[in-house]
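Colleague: Sequence:
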Amino acid sequence: MSDFTDHVTDDHAAFIAKQPVFFVATAADGARINLSPKGMDSFRVLGPKRVGYLDVGGSGNETHAHLAADGRATIMFCAFDRPALILRIYARGRAVLPQDDGWDALAAHFTLLPGTRQIFEFDVDSVQTSCGWGVPFMTLDRERQTLSKYHRADDPEKRLRTQAKRSKTIDGLPVRAQTRMPWHEAQG
1 MSDFTDHVTD
11 DHAAFIAKQP
21 VFFVATAADG
31 ARINLSPKGM
41 DSFRVLGPKR
51 VGYLDVGGSG
61 NETHAHLAAD
71 GRATIMFCAF
81 DRPALILRIY
91 ARGRAVLPQD
101 DGWDALAAHF
111 TLLPGTRQIF
121 EFDVDSVQTS
131 CGWGVPFMTL
141 DRERQTLSKY
151 HRADDPEKRL
161 RTQAKRSKTI
171 DGLPVRAQTR
181 MPWHEAQG
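Its first residue numbered 1, the sequence shown is counted upward by one per residue in our numbering.
Errors might be hidden in some of the hints.
No more than 25 angstroms apart at the CA atoms, straight line, and that leaves these computed lysine to aspartate or glutamate pairs for DMTMM-like [to be verified]:
#: 1; residue 1: K158; residue 2: D100
#: 2; residue 1: K38; residue 2: D10
#: 3; residue 1: K165; residue 2: D125
#: 4; residue 1: K38; residue 2: D125
#: 5; residue 1: K18; residue 2: E143
#: 6; residue 1: K165; residue 2: D101
#: 7; residue 1: K18; residue 2: D100
#: 8; residue 1: K38; residue 2: D155
#: 9; residue 1: K38; residue 2: D100
#: 10; residue 1: K49; residue 2: D3
#: 11; residue 1: K165; residue 2: D29
#: 12; residue 1: K38; residue 2: D6
#: 13; residue 1: K165; residue 2: D70
#: 14; residue 1: K49; residue 2: D123
#: 15; residue 1: K18; residue 2: D29
#: 16; residue 1: K168; residue 2: D101
#: 17; residue 1: K158; residue 2: D141
#: 18; residue 1: K18; residue 2: D123
By construction, these hints were calculated from the structure, which means they are not laboratory data.
Generate the whole structure from the sequences, applying the supplied hints.
Modeller: Structure follows, in structure tokens:
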């Protein structure tokens, strides 16, 4: 059985805070549906009607383009332990890059990571919970450090130049490039 609310409750926020992984789905007209797993303690409940997550540069930037084109997203958390539960946040979002107004205030809610590219900020439309009884039991062994190690070894200025050349997604949608490093990388 499903339950819907129009906001993130305190119980929802407590459940979200315990999950080591979440999934983000976005789409734009004529483009592939993008579904991305996320971790690295990057998600924050910013208020009952507002959530966000820190995005570290990786292989693509589909979420950014889809949000710019359409705005809609579904963010899903599921328990791999007890109690079984699936929680979906239906929302509209946008990318906030280090050069954007509002970056500093939003970034203060996160621990910036090597390779931080942007923060996705979402206005919550609704939250759905369901049983999750079909989700298997699994345990977290440990977080992967590969992406952080890669970005720590990478030259941030080189990364900005590379990102400036990546102005389109795999479906040809435009992506706004990061033009400024987050403060922690600018300071070395």
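Colleague: Hint by hint, note whether the structure agrees.
Modeller: Going through the hints against the structure:
Proximity of K158 to D100 is assessed by CA-CA distance (about 20 angstroms); at most 25 angstroms being required, the pair is judged to hold. With a CA separation close to 22 angstroms, the supplied pair K38 and D10 stays within the 25 angstroms bound. A distance of roughly 34 angstroms separates the Cα atoms of K165 and D125; the hinted pair therefore is violated under the 25 angstroms criterion. A threshold of 25 angstroms between alpha carbons decides the hint, and for K38 with D125 the separation of about 21 angstroms falls inside it, so the pair holds.
With a C-alpha separation of about 14 angstroms, the suggested pairing of K18 with E143 holds against the 25 angstroms cut-off. A hinted pair counts as satisfied when its Cα atoms are at most 25 angstroms apart, and K165 with D101 qualifies at roughly 23 angstroms. Restraint check: the Cα-Cα separation between K18 and D100 comes to about 30 angstroms, which exceeds 25 angstroms; the hinted pair is violated. The straight-line distance between the Cα atoms of K38 and D155 is roughly 24 angstroms, inside the 25 angstroms bound, and the hint therefore holds.
This hinted pair checks out: K38 and D100 have alpha carbons roughly 23 angstroms apart, not beyond 25 angstroms. Of the pairs offered as hints, the one joining K49 and D3 holds, with about 17 angstroms between alpha carbons and a cut-off of 25 angstroms not exceeded. As the CA atoms of K165 and D29 are separated by approximately 24 angstroms, the hinted pair is consistent with the 25 angstroms bound. For the hint pairing K38 with D6, the CA-to-CA distance comes to about 24 angstroms; that is within 25 angstroms, so the pair holds.
For the hint linking K165 to D70, the alpha-carbon distance of about 23 angstroms falls within 25 angstroms, and the restraint holds. With a C-alpha separation of about 6 angstroms, the suggested pair K49 and D123 falls inside the 25 angstroms cut-off, and the hint holds. For the hint pairing K18 with D29, the CA-to-CA distance comes to about 34 angstroms; that exceeds 25 angstroms, so the pair is violated. Between the alpha carbons of K168 and D101 the distance comes to roughly 23 angstroms, so the proposed pair stays at or under 25 angstroms and holds.
Among the hinted pairs, K158 with D141 is inconsistent with the structure: their alpha-carbon atoms are about 33 angstroms apart, more than 25 angstroms. Using a Cα cut-off of 25 angstroms, the hinted pair K18 and D123 holds, with the two alpha carbons roughly 21 angstroms apart.
This entry does not satisfy hints 3, 7, 15 and 17, going by the numbered hints stated previously.
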